[in-house]
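Q: With the hints as constraints, model all of the structure from the sequences given.
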Amino acid sequence: MKQTAVAVGVSVEPMDRITDIVVQKRRGSRRSIYVNGEFFAGVGEEIVAELGLRVGQEIDAEKLAEVIRAEEIRSARESALVMLDYRPRTEREIAAGLKRKGYSEEVIATVIERLSDVGLIDDEKFAEQWVDSRLRSRLAGRARIAWELRGKGVNQETIEKALSEVDGEDEVRMARELVAKKMASLSSPDEKAVRRLTSFLRRRGFDWDVISKVLNEFGGGDY
0 MKQTAVAVGV SVEPMDRITD IVVQKRRGSR RSIYVNGEFF AGVGEEIVAE LGLRVGQEID
60 AEKLAEVIRA EEIRSARESA LVMLDYRPRT EREIAAGLKR KGYSEEVIAT VIERLSDVGL
120 IDDEKFAEQW VDSRLRSRLA GRARIAWELR GKGVNQETIE KALSEVDGED EVRMARELVA
180 KKMASLSSPD EKAVRRLTSF LRRRGFDWDV ISKVLNEFGG GDY
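For the sequence shown, numbering that gives the first Met the number 0 assigns the number 0 to the initial residue and increments by one for each residue that follows.
Here are the simulated PhoX-like pairs of lysine-lysine, each with C-alpha atoms no more than 20 Å apart in a straight line:
#, residue 1, residue 2
1, Lys-151, Lys-124
2, Lys-212, Lys-181
3, Lys-191, Lys-181
4, Lys-212, Lys-180
5, Lys-180, Lys-191
6, Lys-191, Lys-212
7, Lys-124, Lys-160
8, Lys-151, Lys-98
9, Lys-100, Lys-151
Everything labelled a hint here was simulated from the structure, so no lab data went into it.
A: Here's what the structure looks like:
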């Protein structure tokens, strides 16, 4: 790069300059930015507006780095929104998905913070919806639901709060329905069948009190 003399023995590098901002042919919402006549980066149109970029603008290294960072955040945010469009996700799930795509920890943290601020990422709401869904589908007891939520990165306090609304009778009804389906193919419960039913219900996350109560109802409490 040429140097411009400003005093005897002193010289400075001239500022870089944005020489063109072009709408991309295949992706009309994106812009190609040229600096000193050379392609610098492709960015979303909102980045141009957000950072006030314009043709002829002098731009230093710090501003160029800001452009790159802003585009990375925009891109990561779009990726996160695609994940959220598919289904609600926890903070950990979004972070893991973005990390797999190669985004930096700083960019991931920024995206999660912004999406959390507008309620698009909300572990507490996620936990409540998960519990409600599992109860309605009659698939799992409290222990199983808690285990699933921990696997998705929900903290224990949030899990306990979500599960506090679960009525013990709801668990009994779920276990009863599951046992009824299994028992339909049995003429009468024998010891082996009861052991299998017990293991089945434990895997589904029901505690012993619930299991014992339900098995007694079906005549399996003597084994």
